[in-house]
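> Sequence:
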Amino acid sequence: MLREPKITFTRVEPRISFWESPAAPKKHHAYPGGLLDHTLGVTEIALRLVEVYEGVYGATVDRDLVIAAALLHDLFKYYQYERDPLTGGFRPRSDWYFSHDFAMVAELTVRGAPDKLVRAVAEVHGTVPFSMVESQIVHQADTTDSDFVSRLQDIVWQVCRDLELEIEGVKALKVFYDAMKAVPIFEYAKIYYSRGRDGLREYIKNLLGLTGGKQ
68 MLREPKITFT
78 RVEPRISFWE
88 SPAAPKKHHA
98 YPGGLLDHTL
108 GVTEIALRLV
118 EVYEGVYGAT
128 VDRDLVIAAA
138 LLHDLFKYYQ
148 YERDPLTGGF
158 RPRSDWYFSH
168 DFAMVAELTV
178 RGAPDKLVRA
188 VAEVHGTVPF
198 SMVESQIVHQ
208 ADTTDSDFVS
218 RLQDIVWQVC
228 RDLELEIEGV
238 KALKVFYDAM
248 KAVPIFEYAK
258 IYYSRGRDGL
268 REYIKNLLGL
278 TGGKQ
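The sequence shown begins at 68 in the working numbering and counts up by one.
There could be a bad hint or two in this list.
Taking lysine-lysine pairs in the BS3-like style, the calculated list, with each CA pair at most 30 Å apart, reads [what the hints assert, rightly or not]:
#1 K238 x K257
#2 K93 x K241
#3 K238 x K73
#4 K272 x K73
#5 K93 x K73
#6 K94 x K272
#7 K248 x K93
#8 K272 x K183
#9 K257 x K241
#10 K248 x K272
#11 K272 x K257
#12 K257 x K94
#13 K257 x K93
#14 K238 x K183
#15 K241 x K272
#16 K272 x K93
#17 K248 x K94
#18 K73 x K94
#19 K248 x K238
#20 K257 x K73
#21 K238 x K93
Please keep in mind that the hints were generated in silico from the structure rather than gathered at the bench.
Could you put together the complete structure from these sequences and hints?
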């Protein structure tokens, strides 16, 4: 599955690759390669949670199941998106008819995956009751990673809105996607926390070559 992350149970083709896909067009990891970063982040966080729950609470956790569920939980998200020619970012496909989590459950079932893996992947998004500690761990890791990066993106988005108000003809959404492609998000966070909102605005303005003002 990881070597060839393709849906085989129905005839559908992706419009972007897994490697270039965001985790979400706007909510979190909204940049090329964001889905890969999120997948790795969730996996690493989940493994740290396993260490805590085993060490502190004496829990017995199937680490292999945690790793598998973390790596697979969002794998088919790239099928849901396409490039947006207006913003330079990504947008949901209008012809997509499967939620990525349902698609993964169906694909695992067709491929004859173990029942406990199918159950774990079905549960990690929190839409059905948890029946295993492994799926709950991955769910918590998913929430932690997505919420953390989402908050950092909010900082960048607020500054992009400032630039739209400051400079004639600048559109915040396009600036946001250009900025997210230009520099790792933690670089923006570092600048924001050391120089403030105005300092980050000047940094992005210079980085993207934005000039001018309102008439």
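> For each hint, tell me whether it holds in the structure or not.
Consistency of the hints with the structure:
1. A distance of roughly 24 Å separates the Cα atoms of K238 and K257; the hinted pair therefore holds under the 30 Å criterion.
2. Of the supplied pair hints, the one linking K93 and K241 holds, its CA atoms being roughly 12 Å apart against a limit of 30 Å.
3. Restraint check for K238 and K73: the C-alpha separation of about 35 Å exceeds 30 Å, so the hint is violated.
4. Simply put, K272 and K73 have alpha-carbon atoms about 39 Å apart, too far for the 30 Å limit, and the pair is violated.
5. Restraint check: the Cα-Cα separation between K93 and K73 comes to about 24 Å, which is no more than 30 Å; the hinted pair holds.
6. The suggested pairing of K94 with K272 holds, with an alpha-carbon distance near 23 Å, which does not exceed 30 Å.
7. Between K248 and K93 the CA atoms are separated by roughly 13 Å; this keeps the pair inside 30 Å, and the hint holds.
8. Our distance criterion of 30 Å between C-alpha atoms is broken by K272 and K183, whose separation comes to about 50 Å.
9. Taking the CA atoms of K257 and K241, the gap is about 22 Å. The hint holds against a cut of 30 Å.
10. Restraint check for K248 and K272: the C-alpha separation of about 14 Å stays at or below 30 Å, so the hint holds.
11. At roughly 16 Å between alpha-carbon atoms, K272 and K257 fall within 30 Å of each other, so this suggested pair holds.
12. About 20 Å separates the Cα atoms of K257 and K94, which keeps this hinted pair within 30 Å; it holds.
13. For a cut-off of 30 Å, the pair hint linking K257 to K93 stands: about 21 Å separates their Cα positions.
14. Among the hinted pairs, K238 with K183 is inconsistent with the structure: their alpha-carbon atoms are about 47 Å apart, more than 30 Å.
15. Simply put, K241 and K272 have alpha-carbon atoms about 13 Å apart, close enough for the 30 Å limit, and the pair holds.
16. A threshold of 30 Å between alpha carbons decides the hint, and for K272 with K93 the separation of about 21 Å falls inside it, so the pair holds.
17. A distance of roughly 15 Å separates the Cα atoms of K248 and K94; the hinted pair therefore holds under the 30 Å criterion.
18. Restraint check for K73 and K94: satisfied, since their Cα atoms lie roughly 24 Å apart, inside the 30 Å limit.
19. For the hint pairing K248 with K238, the CA-to-CA distance comes to about 16 Å; that is within 30 Å, so the pair holds.
20. At roughly 37 Å between alpha-carbon atoms, K257 and K73 are farther apart than 30 Å, so this suggested pair is violated.
21. A C-alpha spacing of about 15 Å is found between K238 and K93, which places the hinted pair at or below 30 Å, so the restraint holds.
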